[in-house]
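Chains as they are written, first to last, in UniProt numbering: chain R, 1 to 216; chain G, 1 to 216; chain X, 1 to 216; chain L, 1 to 216.
Since the hints were made in silico from the structure, they are not lab data. Each hint should be verified, as a subset may be incorrect.
A pair holds if it fits inside one copy or across any two, identical chains being indistinguishable in the list.
[Claimed, not checked] Listed next, the in silico EDC-like pairs over lysine to aspartate or glutamate satisfying Cα-Cα at most 20 Å (straight line):
id	residue 1	residue 2
1	K150	D140
2	K5	D207
3	K150	E36
4	K19	D61
5	K19	E172
6	K5	D140
Listed below, chain by chain, are the residues.
Protein chains: 4
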Amino acid sequence: MQHAKPLPSLLVQRYHGWKATTFAENSSWYRRLASEGQRPRSMVISCCDSRVHVTSIFGADSGEFFIHRNIANLVPPHQPDGAQHGTSAALEYAVTALEVSHLIVLGHSRCGGVQGCLDMCAGRAPELEEQSSFVGRWMDLLRPGYARVKDIVPEADQARALEKEAVLVSLENLMTFPFVRSAVEARTLSLHGLWTEIGAGELEYFDAVERRFVPV
Amino acid sequence: MQHAKPLPSLLVQRYHGWKATTFAENSSWYRRLASEGQRPRSMVISCCDSRVHVTSIFGADSGEFFIHRNIANLVPPHQPDGAQHGTSAALEYAVTALEVSHLIVLGHSRCGGVQGCLDMCAGRAPELEEQSSFVGRWMDLLRPGYARVKDIVPEADQARALEKEAVLVSLENLMTFPFVRSAVEARTLSLHGLWTEIGAGELEYFDAVERRFVPV
Amino acid sequence: MQHAKPLPSLLVQRYHGWKATTFAENSSWYRRLASEGQRPRSMVISCCDSRVHVTSIFGADSGEFFIHRNIANLVPPHQPDGAQHGTSAALEYAVTALEVSHLIVLGHSRCGGVQGCLDMCAGRAPELEEQSSFVGRWMDLLRPGYARVKDIVPEADQARALEKEAVLVSLENLMTFPFVRSAVEARTLSLHGLWTEIGAGELEYFDAVERRFVPV
Amino acid sequence: MQHAKPLPSLLVQRYHGWKATTFAENSSWYRRLASEGQRPRSMVISCCDSRVHVTSIFGADSGEFFIHRNIANLVPPHQPDGAQHGTSAALEYAVTALEVSHLIVLGHSRCGGVQGCLDMCAGRAPELEEQSSFVGRWMDLLRPGYARVKDIVPEADQARALEKEAVLVSLENLMTFPFVRSAVEARTLSLHGLWTEIGAGELEYFDAVERRFVPV
C-alpha cells in the first residue's frame, strides 16, 4: 500500500462537481440511504466492460440496483467447498440478506471475454488454456455454452451466439443455488436474461416461451 | 433458463427513455466504441452496494472505466491454482489486455460485507463461519485487516476502520500479482485507494506518505 | 528565430509545478496516449479569447477534445482552391483522420472579433475594411450573419445576436464540407452549437427545433 | 443549422459541475473579466492535438492566455492579399489590439500533422499532394523546414526534427508581419519557441544563442 498514489486531479475535480450538484440536490436521500441502509429492488450481474453501464441504461437512482460486475457476466455453479467465490458471495448477500425481487443477467455485444472463450475453445488461444491464465480458467465456465453453439451456428455468428449463451449459462447456474431456487419457486424472486448491442443501443430479453432473445 | 421472465415494464420504459435521449445524443460515439473496441483509462474495483456508483461520482463517460464490483471491494491474493477467480480474471484482463493506467479501489461507509466480517471475527456471527457461507468465506479475505484493527481501534470505530482496511488489504494483495507489480514498477500503472462516506458524500484517498486516509 | 527568448521564469515555475503534480499523477496515461495516439471523441471550434477555455468548462481530460481556436469561432465555407485554409485543415483532420463523433462550435459573450464585425458592417470601423486588415477580412465570414440581424434586432442587442450568428454561420458552413455532410448523414458525426455568457457562466445550446438558443 | 443536436448529457453534467465549483469560486473574477474585457499577457500558438493543452501545462487562469490552435502550430508568412487568413487575423488581434507581451509557439512530439508533412515530402502520401487536400496544402507551410532536415537528419529522427522545425518556421514567419517585427524591435513583445514531449512531459525551449532546443 506504500505504492498508492493520490487521485488524478481531473477525477478530484469531477468528484467536486458531483458533490456540488448531484449530491447536493439529493443529500437528504443519500443521508437516509446511509442511516436506514440499502433496500435495492434488483441485483444486476453484468460485465466489467467500460461500454456497458447498467446505471446509465436504466437511469438508476442511488439505492436501486445491487450490482456485481465480472468478466462476461458469468455465474459459476453452486460449489460450497469453502473456497473464495466472489460471485456466489454477492449472490448470497443479495438474495438472502437484501432479499432482492429481481435478478438480472445482462450480456452484451463485442464482449472481449466471450471472444477469448471462443478463441480458446476453437484452439486459437493456447495462452488461455494455461493453468495460470485467470481469464482462461474463468471463461471455462462458458464451455457448456460453446458446446451448444459450435456445430449449429455458422462461424461468423458464433461470437454473438456465445454472448447470449453466457447469459443462459448464468441463468442455469443461478438455479443450482438452493437459496435462488427456493426464492424463485416461492415467487419472491424472478430471473431475467438480457443482452445489449452496444453500437446500436438495442436491448433484448430472453423469452422463455419462445426460447430465444427478443427486443424489449 | 425456463424460469426467465420478461423485464419489468418500469425498466422497459426507462430503457426506451435512455435510448431516445442519452443514446440518441451519443449514438456516433457508441457506434465507434463498438467498432474500435474499448480503451478505458482506469479499472475501478468497488462494492456491489446499490448506494455507491462510481460512474455517478466521477461523471463517467461510456468507455472510461472498466469496473469490477464485488462484496466489499476485495482483491484476493494471487493464487494461480487453476480454479475460478473472478476478481483475478478481471484484473488480468484490465492490466494485461487493456493496459489500464490506473487501478482504483473504492471502499465506502456502512458496508454490509465489512460489518459481517467484523461480526464474524468478533464471534457474533456463527452462521458466517460455516463452510457453506459464501459471504463468510469471501470475507475471510479481510481477516488480516481485522487483526490490525481489533486491539487498537475502539469498538465503536471498528467498522469504519475495517472498511478502510478493506481498501488497504486489496492494495496489498494487488501487488502480489506479478503483472500488477511489474506494471507498477514500470510506472505504466498506478494504484489508488479511496473511501467514500455515503451519507455526507465525502471522499478520502489513502495518502501513502502520511499512511492514512485524507479528504481529496 | 534569432529573436527567440527563453521562457519567462513564472511560466517555467508553473511548468515544473504541473510536471510534479498533474503530470506525475497521470504519467502512465500520458505515456499511453503518446504511444497509442490520440482518439478524441469531439472536436471543438472556439474563440482564441483568453476567458473561454473549453477544457475548463467541461473538465476535459488529456485526449478528449481536439481543439481549433480562431477569432470568433468561425468556419469558412468549403473552398478547395489549393490555398492555405487552417480551419478547413483542422476540420478535415478531425473528421476524416480522427473520425470524431461530435463537432462543437462554442461562441461567447463580449467577443472582440464579433464587435469588430458589427462596427465594420455598420460603417464605424473603416480600418477593418482595408484589404490589409486580417481581422477585417476574417470577419467578412460573418457578414451573412449581420445581414440577418441588422434590420430585426435593436441596436443594443446586436452584438449578442451576432455572437450567436457566428455559431450559426459556422454550423451552416460546416455542412458545405462534403466529408462533414456525409458523416452527419451517416450519423457518425453530430454537430452542436453552444454560446456561453462569460460573466454569469451561463451556457446555451442551439435548439434546432425551436430555432433559438436555450440554456443547457 | 437544422442539423444541430443538443449537447450530450455527460457534457451538460460536467458543465454544471464546473458552474457549481470553479465558476462559483471565481465568479467575481469572471464578472470583472466580462465587464472590463480581457487583458492577456501572452498569446500561445499551439496544435489542435487533444493531448496538448497549454492551459494545463501552465496552470492557466482565465484571462491569461490568448490561444490560437491549428494543425501543427504553424504561422504562415505575411500575405496581405485580402483573402481569409485565420492565423494572421488572430495574430493581428493579439499584437495590435490586445498588445500581448509574449508570443509563444508550442510544438509537440507525435504530431500527426508533422508526420503527414514528412510522408508527403518523402513521396509516401500522394493523397496529401492533391490540391483538394486541406491538410496537405496547410502542411506545405512546413516544406522549408523539411528542406533543412532531409539531408542532414537520419530518417528515424526526422519526425522529431521536423516538429521542432515547425516551431522555427513559425518563429521566422512571425517576423515577416510588420506589426510583430516592430513590436519585437520596440521590445514590447518577445517571441518564444517551445516543444513538449507528451509521453515524458518534457518541455524544451529554443535557445537562440545555442541555436538548439534545450530543457527549460
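(request) First find the shortest C-alpha distance between K5 and D207 inside one copy, then the shortest across copies, and answer within, between, both or neither for a cut-off of 20 Å. (result) between (47 Å within a copy, 7 Å between copies)
(message) My question is about K5 and D140: at a cut-off of 20 Å on alpha-carbon distance, are they close within one copy, between copies, both, or neither?
(response) For K5 and D140, neither the intra-copy (35 Å) nor the inter-copy (27 Å) Cα distance is at most 20 Å.
(message) One pair to classify: K150 and E36, alpha carbons no more than 20 Å apart. Within, between, both, or neither?
(response) This pair counts as neither: shortest intra-copy Cα distance 50 Å, inter-copy 26 Å.
(request) If the cutoff is 20 Å on CA atoms, where do K19 and E172 land: within, between, both or neither? Let me know, please. (result) For K19 and E172, neither the intra-copy (41 Å) nor the inter-copy (28 Å) Cα distance is at most 20 Å.
(request) Using 20 Å as the alpha carbon limit, work out where K150 and D140 are close: within a copy, between copies, both or neither. (result) Within. Shortest intra-copy distance 15 Å satisfies the 20 Å Cα cut-off; inter-copy 40 Å does not.
(request) Tell me, please, which holds for K19 and D61 at an alpha-carbon limit of 20 Å: within, between, both or neither? (result) both (16 Å within a copy, 17 Å between copies)
Going through the hint list in order, the structure does not satisfy hints 3, 5, 6.
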